[in-house]
Amino acid sequence: EVQLVESGGGLVQPGGSLRLSCAASGFTFSSYTMHWVRQAPGKGLEYVSAISSDGGSTYYANSVKGRFTISRDNSKNTLYLQMGSLRAEDMAVYYCARGRSSSSWSAFDIWGQGTMVTVSS
Amino acid sequence: QSVLTQPPSVSAAPGQKVTISCSGSSSNIGSNSVSWYQQLPGTAPKLLIYENNKRPSGIPDRFSGSKSGTSATLGITGLQTGDEADYYCGTWDSSLSAGVFGGGTKLTVL
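Here the protein sequences line up with chains X and S, keeping their order. Under my numbering, the first residue of the first sequence is numbered 1, with each subsequent residue one higher. Under my numbering, the first residue of the second sequence is numbered 122, with each subsequent residue one higher.
For the record, the hints were derived by calculation from the structure and aren't laboratory data. For glycine and all other residues, C-beta sits at the position ideal for the given N, C-alpha and C. Treat the hints with care, as some may be off.
As the list claims (entries may be wrong) - Non-contacting residues of chain S with respect to chain X, defined by C-beta distances greater than 12 Å in every case (computed):
(1) 146
(2) 182
(3) 192
(4) 229
Stated by the list, open to error - Straight line, CA to CA, 16 Å or less: simulated EDC-like cross-link-like pairs of lysine to aspartate or glutamate:
(5) X/43 - X/89
(6) X/43 - S/204
(7) S/175 - X/109
(8) S/138 - S/182
(9) S/138 - S/172
(10) S/167 - S/205
(11) X/65 - X/89
(12) S/167 - X/46
(13) X/65 - X/46
(14) S/138 - S/205
(15) X/76 - X/54
(16) S/167 - X/109
Take the sequences, apply the hints, and build the full model.
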């Protein structure tokens, strides 16, 4: 079964750090772009970050640039999001999602169940 | 404020047709393909349409997509109560070098 499973969410204080993981299974992980999308409580989807299939190219929303780092380990079929200098407005459910191909940057065909990040003192 | 603009809500009766618009600019919709997602309450988004008008396997042909210039449209025919959900358009923005989404449209099937 093709599957993405996020982990690493939780409660963190403002200014703190957190690392999210997304374990992939059921497909050739190294053949796809991967993405992080978040959704604040009661709000819409917000794009966070993307990484190419080989990890050589990364992209970020302006709202997280300089604070978040996306990476992947193709040998472990795992996607990561290192989050730093966290703010209240970063509080959201974070989804990892698969691009439809190694060249797809805007069509996400597989989504994880999401992991909640709460930023509060 | 979302980069792509969608109506906050639309509604129609069961069996009827509804369209949801998504407006952008030359740096996003105007130069990249559009995707549409359905998000049922409490669940992750689901891809409905990719590359403007293509449906993934398993998506019924009641769902259709189109694009013209800097706008895109999702159409849903034969509305069912199970179609009640939030719908989002998305694409890549070449100026931002990042993905962008619309603010979402809540569909109510009356």
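Now for the hints, and whether the structure bears them out:
No Cβ of chain X comes within 12 Å of the Cβ of residue 146 of chain S; the nearest lies about 15 Å off, and the non-interface call holds. At roughly 18 Å, the least C-beta separation between residue 182 of chain S and chain X is larger than 12 Å, which holds for a residue marked as non-interface. Non-interface status of residue 192 of chain S relative to chain X is upheld: no Cβ of that chain comes within 12 Å, the nearest being about 16 Å off. Residue placement check: residue 229 of chain S keeps its beta carbon more than 12 Å from all beta carbons of chain X (closest about 17 Å).
Between the alpha carbons of residue 43 of chain X and residue 89 of chain X the distance comes to roughly 12 Å, so the proposed pair stays at or under 16 Å and holds. Simply put, residue 43 of chain X and residue 204 of chain S have alpha-carbon atoms about 19 Å apart, too far for the 16 Å limit, and the pair is violated. About 12 Å separates the Cα atoms of residue 175 of chain S and residue 109 of chain X, which keeps this hinted pair within 16 Å; it holds. Between residue 138 of chain S and residue 182 of chain S, the direct Cα distance comes to roughly 13 Å. Compliance with the 16 Å bound is thereby established for this hinted pair.
Only pairs whose Cα atoms come within 16 Å are accepted, and residue 138 of chain S paired with residue 172 of chain S is rejected, the gap being roughly 22 Å. With a CA separation close to 13 Å, the supplied pair residue 167 of chain S and residue 205 of chain S stays within the 16 Å bound. Taking the CA atoms of residue 65 of chain X and residue 89 of chain X, the gap is near 14 Å; set against the 16 Å cutoff, the hint holds. Between residue 167 of chain S and residue 46 of chain X the CA atoms are separated by roughly 15 Å; this keeps the pair inside 16 Å, and the hint holds.
Between residue 65 of chain X and residue 46 of chain X the alpha-carbon distance is near 14 Å, which keeps this suggested pair within the 16 Å criterion. Distance check on the hinted pair: residue 138 of chain S and residue 205 of chain S sit about 13 Å apart at the alpha-carbon level, within 16 Å; holds. The suggested pairing of residue 76 of chain X with residue 54 of chain X holds, with an alpha-carbon distance near 13 Å, which does not exceed 16 Å. The straight-line distance between the Cα atoms of residue 167 of chain S and residue 109 of chain X is roughly 7 Å, inside the 16 Å bound, and the hint therefore holds.
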